[in-house]
Amino acid sequence: MTMRDAAPLLGLSYNSTADFVRRKVLKTIPDVKGTFLAPNEIERFKSTYVTVPELSEILGTKRSRDAIALLDAAGIEPACPRPPSWKDC
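Each residue of the sequence shown is one higher than the one before, counting from 1451 in the numbering used here.
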């Protein structure tokens, strides 16, 4: 499955999916031309990680930034570092 096809299944944008692949948080299928993820990798990711929008819904926060602030206050680091522009949010 391509990253573009996998992104909505992961609950991520294409850019976030590509970033997770680049950081090796998401593993790609080796020895094939192009960047593809196996369906079991989608399931592994979803059973291991929670996205900020999912967490925001679970916590009942109205904005993702509020969920991120709660994580920061609890000392919980994201699996994939935030873009620099988020530091001042």
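No wet-lab data here; the hints were simulated from the structure.
Watch out, some of these pointers could steer you wrong.
Claimed, not checked - 16 Å max Cα-Cα, derived EDC-like pairs, lysine to aspartate or glutamate:
(1) K1477 with E1504
(2) K1477 with E1491
(3) K1477 with E1493
(4) K1477 with D1455
Stated by the list, open to error - Restraint-style ranges between C-beta atoms, simulated for each label pair:
(5) K1512 with K1477: 22 to 28 Å
(6) E1493 with C1530: 17 to 23 Å
(7) M1451 with E1504: 37 to 43 Å
C-beta atoms are modelled at their ideal positions from N, C-alpha and C, and glycine is treated no differently.
Hints that the structure is at odds with (numbers, increasing): 1, 5 and 7
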